[in-house]
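Engineer: Each chain is listed here by its residues.
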Amino acid sequence: MGVETRCGYVRNFYPHPNLPPAWGKELKFRHFVVVNGFSAPLRGSQIKAHGFIGGYLLTGLQHSRRFIAELNIVEGNVELFDSLTITTELTWPLALAIAWIAGEFGHRWTGLPRISIYGLVGFLLANSQAGLLPESVSITLLANIAFGLILFELGYRINLRWLSNNPWLGVASLSEALLTFIAVLLVAQAFGVLLIPALLLASLAMATSPAAILRVVNEERSSGQVTERILHLSAFNCVLAVLTFKVVVGLWVFHNTGDILHALWSSLVFLMVSAALGGLFGVAVPALLSRLGNSERDATVVFAIAVIVLAALTHALGFSPVLATLAFGLIARHRRIFLSQAEKNFGTLGNLLTVLLFVFLASTLHWQAVASGTGLALVLLFIRFAVKTLSVAAFSRLSGITWRKGVLTGVALTPLSAFVILLLEQSRHLDIGLVDELTALAAMTLLLEVIGPVVTHWALVWAKEVPESDRN
Amino acid sequence: MPLEPFNNSASLTFGVELELQLVNLSDLDLTAASPDMLHLLRREKFPGNVTPEVTESMIEINTDVHTHYTELLAQLQLIRDTLVRAGDKLNIGICGGGTHPFQHWAERRIYSKPRFHEVSAIYGYLIKQFTVFGQHIHIGCTSGDEALFLLHALNRYVPHFIALSAASPYFQGVDTQFNSARLNSVFAFPLSGRAPFLLRWDEFEHGYYAKMEDTGIVKSMKDFYWDIRPKPEYGTIELRVCDTPLTVERAAALSAYLQALCRHLLERNEAEPAEDDYLVYNYNRFQACRFGLDGTLVHPRSHESMSLREDILTTLRRLEPHAEALGSLDAFEDLYPVLHEGSDASFLRGQFAASGSLEGMVDAALDRFRKPVR
Numbered sequence: 001m002g003v004e005t006r007c008g009y010v011r012n013f014y015p016h017p018n019l020p021p022a023w024g025k026e027l028k029f030r031h032f033v034v035v036n037g038f039s040a041p042l043r044g045s046q047i048k049a050h051g052f053i054g055g056y057l058l059t060g061l062q063h064s065r066r067f068i069a070e071l072n073i074v075e076g077n078v079e080l081f082d083s084l085t086i087t088t089e090l091t092w093p094l095a096l097a098i099a100w101i102a103g104e105f106g107h108r109w110t111g112l113p114r115i116s117i118y119g120l121v122g123f124l125l126a127n128s129q130a131g132l133l134p135e136s137v138s139i140t141l142l143a144n145i146a147f148g149l150i151l152f153e154l155g156y157r158i159n160l161r162w163l164s165n166n167p168w169l170g171v172a173s174l175s176e177a178l179l180t181f182i183a184v185l186l187v188a189q190a191f192g193v194l195l196i197p198a199l200l201l202a203s204l205a206m207a208t209s210p211a212a213i214l215r216v217v218n219e220e221r222s223s224g225q226v227t228e229r230i231l232h233l234s235a236f237n238c239v240l241a242v243l244t245f246k247v248v249v250g251l252w253v254f255h256n257t258g259d260i261l262h263a264l265w266s267s268l269v270f271l272m273v274s275a276a277l278g279g280l281f282g283v284a285v286p287a288l289l290s291r292l293g294n295s296e297r298d299a300t301v302v303f304a305i306a307v308i309v310l311a312a313l314t315h316a317l318g319f320s321p322v323l324a325t326l327a328f329g330l331i332a333r334h335r336r337i338f339l340s341q342a343e344k345n346f347g348t349l350g351n352l353l354t355v356l357l358f359v360f361l362a363s364t365l366h367w368q369a370v371a372s373g374t375g376l377a378l379v380l381l382f383i384r385f386a387v388k389t390l391s392v393a394a395f396s397r398l399s400g401i402t403w404r405k406g407v408l409t410g411v412a413l414t415p416l417s418a419f420v421i422l423l424l425e426q427s428r429h430l431d432i433g434l435v436d437e438l439t440a441l442a443a444m445t446l447l448l449e450v451i452g453p454v455v456t457h458w459a460l461v462w463a464k465e466v467p468e469s470d471r472n
Numbered sequence: 001m002p003l004e005p006f007n008n009s010a011s012l013t014f015g016v017e018l019e020l021q022l023v024n025l026s027d028l029d030l031t032a033a034s035p036d037m038l039h040l041l042r043r044e045k046f047p048g049n050v051t052p053e054v055t056e057s058m059i060e061i062n063t064d065v066h067t068h069y070t071e072l073l074a075q076l077q078l079i080r081d082t083l084v085r086a087g088d089k090l091n092i093g094i095c096g097g098g099t100h101p102f103q104h105w106a107e108r109r110i111y112s113k114p115r116f117h118e119v120s121a122i123y124g125y126l127i128k129q130f131t132v133f134g135q136h137i138h139i140g141c142t143s144g145d146e147a148l149f150l151l152h153a154l155n156r157y158v159p160h161f162i163a164l165s166a167a168s169p170y171f172q173g174v175d176t177q178f179n180s181a182r183l184n185s186v187f188a189f190p191l192s193g194r195a196p197f198l199l200r201w202d203e204f205e206h207g208y209y210a211k212m213e214d215t216g217i218v219k220s221m222k223d224f225y226w227d228i229r230p231k232p233e234y235g236t237i238e239l240r241v242c243d244t245p246l247t248v249e250r251a252a253a254l255s256a257y258l259q260a261l262c263r264h265l266l267e268r269n270e271a272e273p274a275e276d277d278y279l280v281y282n283y284n285r286f287q288a289c290r291f292g293l294d295g296t297l298v299h300p301r302s303h304e305s306m307s308l309r310e311d312i313l314t315t316l317r318r319l320e321p322h323a324e325a326l327g328s329l330d331a332f333e334d335l336y337p338v339l340h341e342g343s344d345a346s347f348l349r350g351q352f353a354a355s356g357s358l359e360g361m362v363d364a365a366l367d368r369f370r371k372p373v374r
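Going line by line, the protein sequences match chains A and B.
As numbered in our numbering, residues 1 to 472 make up the first sequence, in order.
As numbered in our numbering, residues 1 to 374 make up the second sequence, in order.
FYI, nobody ran anything at the bench for these hints, they're computed from the structure.
Note that the structure is a prediction, hence the values are computed from the model and not measured.
Just so you know, even glycine gets a beta-carbon here, dropped at the ideal spot from N, CA and C.
Heads up, some of the hints might be wrong.
Stated by the list, open to error - Residues from chain B that face chain A, not an exhaustive set, calculated with beta carbons under 10 Å:
hint, residue
1, T31
2, A32
3, P35
4, R85
5, I92
Unchecked claim - Lysine-lysine pairs mimicking BS3-like chemistry, simulated, CA-CA at most 30 Å apart:
hint, chain 1, residue 1, chain 2, residue 2
6, B, K128, B, K89
7, B, K89, B, K113
8, B, K113, B, K219
9, B, K211, B, K113
10, B, K128, A, K464
11, B, K222, B, K113
12, B, K89, B, K371
13, A, K464, B, K113
14, B, K128, B, K231
15, B, K219, B, K128
16, B, K222, B, K128
17, B, K211, B, K222
18, B, K222, A, K464
19, A, K464, B, K45
20, B, K89, A, K464
Starting from the given sequences, assemble the full structure and let the hints guide the process.
Structural biologist: Quick look at the structure:
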């Protein structure tokens with residue numbers, strides 16, 4: 001192979017003549033092209049092709065799972081449309097503007113949290129719906145950075161000492177995460193989902209969206225036990241979800257390849273290196289700051305840049321930006337370097353990237369997947385909601401709050417983690433043909449992207465943790 | 001409501017109220033946590049009493065009535081430990097200090113209770129801005145007349161308590177250059193300052209108070225924000241100028257100082273209080289707030305200028321026999337070092353210099369509150 005590198009968007013895909021004719025119809029935007037191990041949705045996606053002669057050669061085409069064996073090596077021609085880059089440059093900023101305006105008016109008219117509306121706009125404008133938002137590597141990276149900033153802030157708000165001061169909080173956290181895992185696994189299997197996808201689904205359902213929680217908390221300026229607890233519980237269940245997810249992926253890799261090294265690499269090493277990178281930043285950045293004299297203005301810029309670098313680095317190396325940035329925040333906090341008031345949420349930068357993140361996350365969902373997964377998703381949503389609420393509420397008195405606040409804490413954990421999608425995006429390189437299997441997940445994510453923040457909002461209002469003037 | 005009769009209490013008994021800060025341990029700002037704290041604290045027997053304060057980031061505790069410094073100290077320490085334990089369980093930091101250095105008053109929430117909503121409706125933002133934290137010391141008096149005598153005889157010593165307790169150098173994110181910036185927030189209230197110069201209780205009750213009530217301005221003694229005010233219900237006078245110190249040990253020592261001082265004043269060896277004593281009152285009070293122990297006082301009688309630090313030192317020495325009689329010499333041993341090491345306000349400024357941030361300062365205050373000094 002040569003060394004020439006071309007980038008562009010897939011406008012058309014001409015299947016290899018050897019493919020059964022029926023597939024040609026089916027090979028539309030739901031499917032993925034894989035070029036030299038890099039995968040992306042077929043239409044409108046940016047691909048990199050390394051040195052092909054005459055047209056573009058696909059080295060692998062990942063199809064829905066039943067064809068995966070046959071389609072491991074399929075060839076075809078891809079027509080790249082270079083100038084589409086310009087369209088991306090236009091459509092994304094426009095989408096942000098539309099989302100922001102819709103968010104402001106929608107919030108005023110309906111009282112829905114703004115992020116719910118950003119998600120709706122993202123989903124409606126998405127590539128697979130209105131066809132306006134092509135996926136692109138740079139947007140994915142930006143989304144990872146946005147998410148990294150949120151996770152850093154979340155990690156920064158986590159007080160690990162609380163767990164030893166109040167062990168019942170830890171018990172509540174473990175039991176809500178584990179019981180959610182078990183319940184979702186059983187229900188998914190009862191609905192005929194295969195074991196591995198069911199395991200993945202269950203592990204992802206454990207996590208509460210830190211982005212949604214933090215956003216609602218900051219937007220409402222809420223404070224109190226429900227607020228504190230949902231922040232901590234969502235950080236803990238996200239870490240547990242990433243751990244479980246990676247263990248399941250490792251199991252799958254081992255099962256399929258019998259290659260213990262590959263399996264280990266994809267799980268254990270992945271986790272440890274991600275956390276260690278974050279930890280390294282958590283030690284190095286505060287050290288740098290104290291050498292700078294730790295003026296407040298410097299601190300925000302330095303932390304923001306560090307998060308961006310860390311997210312980009314882990315993204316590029318294929319590690320977990322989620323774990324790394326969370327660990328960064330956590331370590332930085334416990335090094336007692338304080339961010340000052342004004343820099344909560346990374347100010348304007350954080351606000352801007354939040355719009356982008358929520359539009360992006362919903363834009364990756366496909367209508368077909370959502371439609372076909374809705375039935376199971378509704379059942380899972382209900383089960384997840386019930387299990388989380390009950391298992392957190394069970395420990396309310398023991399952990400020092402009223403039953404009422406305990407129940408509301410469980411209820412407020414409803415938002416499904418947005419990083420589900422980022423995780424899946426990342427796992428594609430592992431050749432797991434499972435993404436399409438998880439249609440229920442797409443439906444759950446969409447539903448909770450809209451409903452989740454609303455539920456959290458009302459839980460905080462009912463807990464009387466939102467200032468009166470902000471209640472609506 | 002007419003003023004209730006003065007319930008006489010045993011002379012020189014005392015009790016303490018402390019308003020404490022509830023701090024979010026993540027960003028070290030104040031946090032609206034008092035409903036949660038009160039819920040948890042009310043589940044078990046509290047050593048003393050705990051009540052909500054006007055905004056939800058404050059909590060007020062008070063001790064029982066005591067005669068001896070050691071008992072007062074022991075109870076305050078027990079209260080402290082109970083609070084710290086509850087705070088740990090809920091991830092809430094508790095600390096002293098007269099102001100929170102960088103909280104924004106606009107973000108405070110009024111605790112849901114009819115009286116608090118009422119005062120909030122009258123005073124508007126003044127109430128939220130009143131999220132400052134003071135120590136109130138009650139001294140038992142045998143009669144209303146004795147109470148008014150003590151109240152006015154103490155006027156010359158008010159700056160001592162301001163300077164010794166000063167723990168509010170920062171307000172709304174800036175160094176105010178004051179040692180006690182808290183009292184400036186109190187001064188914004190129309191009924192603040194000093195009590196009218198009346199030495200007989202029936203004159204106070206039927207003359208002043210009844211007239212004030214008739215104007216419709218006041219409904220109860222609570223509407224007066226005076227530096228020292230009588231509390232007929234308890235049979236005490238209440239000194240309200242102290243910032244909440246960073247430790248309960250300091251709070252107990254200040255109370256013992258006041259108790260010894262009252263014992264001395266009740267011997268009536270000093271010149272009787274006079275209206276003209278108040279000519280220098282606001283100036284001296286300002287000196288103590290602004291410069292703390294480095295302030296300069298003007299003596300109300302001789303009109304001599306003198307160093308506040310020197311004056312406290314002399315007074316402490318002079319009161320030692322009283323402290324000995326009351327069993328509170330240990331408290332004085334706690335106060336002497338303040339005179340050369342500096343007050344809590346200097347400690348806080350030192351922490352800002354060392355950590356480079358207001359957050360670091362709050363962190364140090366949290367740490368100082370939870371650990372026993374001796």
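Engineer: Determine for every hint whether it applies to the structure shown.
Structural biologist: Outcome of the hint check:
1. T31: Holds, because the Cβ-Cβ distance from T31 (chain B) to chain A comes to roughly 5 Å (cut-off 10 Å).
2. A32: holds (5 Å)
3. P35: holds (7 Å)
4. R85: OK, holds: R85 (chain B) within 10 Å of chain A, min 9 Å.
5. I92: Hint on I92 (chain B): holds, closest Cβ of chain A at ~8 Å, below 10 Å.
6. B:K128 x B:K89: holds (27 Å)
7. B:K89 x B:K113: holds (25 Å)
8. B:K113 x B:K219: Cα-Cα ~17 Å, so holds.
9. B:K211 x B:K113: This hinted pair holds, its Cα atoms lying about 29 Å apart.
10. B:K128 x A:K464: holds (18 Å)
11. B:K222 x B:K113: holds (15 Å)
12. B:K89 x B:K371: This hinted pair holds, its Cα atoms lying about 17 Å apart.
13. A:K464 x B:K113: holds (14 Å)
14. B:K128 x B:K231: holds (25 Å)
15. B:K219 x B:K128: Distance ~21 Å between K219 (chain B) and K128 (chain B) Cα, so the pair holds.
16. B:K222 x B:K128: The hint holds at about 17 Å.
17. B:K211 x B:K222: Distance ~16 Å between K211 (chain B) and K222 (chain B) Cα, so the pair holds.
18. B:K222 x A:K464: holds (28 Å)
19. A:K464 x B:K45: holds (26 Å)
20. B:K89 x A:K464: Answer holds: K89 (chain B) to K464 (chain A) is near 20 Å, not above 30 Å.
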